[in-house]
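Go ahead and model the full structure; you've got the sequences and the hints to work with.
Sequential numbering from 1 applies to the sequence shown in my numbering.
Simulated from the structure, these hints should not be mistaken for laboratory data.
Source: prediction; values computed, not measured.
For glycine and all other residues, C-beta sits at the position ideal for the given N, C-alpha and C.
Take these hints with a grain of salt, some might be off.
[To be verified] Calculated lysine-lysine pairs in the DSBU-like style (CA-CA distance at most 35 Å, straight line): (1) Lys205 with Lys259; (2) Lys25 with Lys265; (3) Lys264 with Lys25; (4) Lys265 with Lys23; (5) Lys25 with Lys135; (6) Lys200 with Lys25; (7) Lys135 with Lys23; (8) Lys205 with Lys135; (9) Lys205 with Lys194; (10) Lys264 with Lys194; (11) Lys135 with Lys265; (12) Lys264 with Lys19; (13) Lys19 with Lys265; (14) Lys135 with Lys19.
[Stated by the list, open to error] Derived CB-CB ranges, DEER-like: (15) Asn77 with Phe46: 43 to 51 Å; (16) Arg201 with Asn232: 49 to 57 Å; (17) Lys199 with Ser145: 26 to 34 Å; (18) Lys199 with Lys23: 19 to 27 Å; (19) Leu204 with Ser22: 13 to 21 Å; (20) Asn232 with Leu255: 33 to 41 Å; (21) Leu204 with His60: 38 to 46 Å; (22) Arg229 with Arg85: 35 to 43 Å; (23) Ile268 with Gln203: 36 to 44 Å; (24) Ile262 with Ser22: 17 to 25 Å; (25) His60 with Glu112: 19 to 27 Å.
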Amino acid sequence: MIYLLFSVLSSTAIFVLFKLFSKYKIDTLQAIVINYATAFSFGLIFNDAQITVSEIIQTHWFIAAIGLGFLFIAIFNVMALTAQRNGLSVASVASKMSLIIPVIFGIYVNNESTEAQKLIGIALALVAVYLTSIKQKDNSVVTKSIYLPIILFIGSGIIDTSVNHFAPKGNIPLFLSSIFGIAAIIGFSLFAYKSITTKKRFQLKSIPFGILLGVVNYGSMYFLLLALRVENTESSTIFTINNIAILALSTLVGLVLFKENISKKNWIGIILAFIAILLVTLA
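This is the structure we're talking about:
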């Protein structure tokens with residue numbers, strides 16, 4: 001469970017950094033591009049195998065890595081649009097509820113266990129996600145641009161499922177580096193286009209924030225894949241624990257560091273999240 005703990009901490013750090021982006025008025029796209037370039041570099045640093053570009057292209061996961069690189073950028077933009085048009089709560093619920101997609105995939109495709117205790121834990125996790133995500137004064141509108149949260153839900157679930165399904169048992173850094181590298185190329189292209197059309201200048205302060213984001217972003221994916229590769233563990237269990245633990249911890253961090261208001265529903269969601277973790281872990 002140490003890998004899962006590091007994944008949860010890394011993902012929570014991403015939440016903290018995005019909060020700081022708003023505080024210090026960091027250009028999100030610029031930081032995101034640097035983030036992917038940093039994560040790409042980390043993958044190369046930790047890769048200990050001598051593999052040529054031609055060999056990478058011939059791997060069974062290369063086409064999937066290209067698709068995931070596109071998805072990483074696309075779903076990030078969909079998440080931003082969902083938060084703007086439907087509210088933060090809708091965006092949070094849609095992205096975290098997507099855990100049900102890799103869970104169902106693990107149960108029906110990989111024939112993972114379906115004990116009653118585990119299924120109850122997963123059901124509680126979904127309730128916990130909803131209750132923890134509901135924020136006061138959010139002005140969420142589910143019916144406005146309804147296609148956005150649906151795309152976010154499906155896209156987030158596909159990313160989690162695909163990363164786990166296509167990741168090799170060995171040389172995870174190279175796999176992640178390929179995904180982040182493709183996302184970086186797409187991101188740089190988008191940034192170049194926006195710079196030409198809007199004449200917006202690059203902010204130097206985006207660099208350190210982008211690097212920090214890249215470090216924790218790589219860590220969240222790397223440690224999650226290590227957790228999924230631990231013997232006698234099931235992906236449906238790992239994804240359930242990972243998603244609700246991130247949401248619960250992020251909510252508590254928001255309370256402590258950013259003085260965010262937590263409603264009674266949020267507290268109930270946090271309590272249910274810990275109960276769900278216990279049920280799924282002990283199942």
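Now for the hints, and whether the structure bears them out:
Simply put, Lys205 and Lys259 have alpha-carbon atoms about 25 Å apart, close enough for the 35 Å limit, and the pair holds. With a C-alpha separation of about 31 Å, the suggested pairing of Lys25 with Lys265 holds against the 35 Å cut-off. With a CA separation close to 31 Å, the supplied pair Lys264 and Lys25 stays within the 35 Å bound. Distance hint between Lys265 and Lys23 is fulfilled; the C-alpha atoms sit about 27 Å from each other, no more than 35 Å.
Only pairs whose Cα atoms come within 35 Å are accepted, and Lys25 paired with Lys135 is accepted, the gap being roughly 23 Å. Among the hinted pairs, Lys200 with Lys25 is consistent with the structure: their alpha-carbon atoms are about 14 Å apart, no more than 35 Å. Among the hinted pairs, Lys135 with Lys23 is consistent with the structure: their alpha-carbon atoms are about 19 Å apart, no more than 35 Å. The straight-line distance between the Cα atoms of Lys205 and Lys135 is roughly 30 Å, inside the 35 Å bound, and the hint therefore holds.
Restraint check: the Cα-Cα separation between Lys205 and Lys194 comes to about 18 Å, which is no more than 35 Å; the hinted pair holds. The suggested pairing of Lys264 with Lys194 is violated, with an alpha-carbon distance near 43 Å, which exceeds 35 Å. For the hint pairing Lys135 with Lys265, the CA-to-CA distance comes to about 9 Å; that is within 35 Å, so the pair holds. Using a Cα cut-off of 35 Å, the hinted pair Lys264 and Lys19 holds, with the two alpha carbons roughly 23 Å apart.
Straight-line distance between C-alpha atoms of Lys19 and Lys265 comes to about 22 Å, which keeps the hinted pair within the 35 Å bound. Simply put, Lys135 and Lys19 have alpha-carbon atoms about 15 Å apart, close enough for the 35 Å limit, and the pair holds. Taking the beta carbon of each, Asn77 and Phe46 are about 28 Å apart, not inside 43 to 51 Å as hinted. Distance hint check: the CB atoms of Arg201 and Asn232 are about 53 Å apart, consistent with the given range 49 to 57 Å.
A C-beta distance of roughly 29 Å is found between Lys199 and Ser145, which places it inside the suggested range of 26 to 34 Å. The hinted range of 19 to 27 Å is satisfied by Lys199 and Lys23, whose Cβ atoms lie roughly 26 Å apart. As the Cβ distance of Leu204 to Ser22 is approximately 18 Å, the hint placing it in 13 to 21 Å holds. The supplied range of 33 to 41 Å is met by Asn232 and Leu255, whose beta-carbon atoms lie about 35 Å from each other.
For the pair Leu204 and His60, the supplied restraint of 38 to 46 Å holds, since their beta-carbon distance comes to about 41 Å. Between Arg229 and Arg85 the C-beta distance comes to about 38 Å, which sits within the given range of 35 to 43 Å. For the pair Ile268 and Gln203, the beta carbons lie near 41 Å from each other, so the given range of 36 to 44 Å is met. Distance hint check for Ile262 and Ser22: the Cβ-Cβ separation is about 19 Å, which falls inside the suggested range of 17 to 25 Å.
Against the hinted window of 19 to 27 Å, the Cβ-Cβ separation of His60 and Glu112 comes to about 22 Å, which satisfies the hint.
When each numbered hint is compared with the structure, violations occur for hints 10 and 15.
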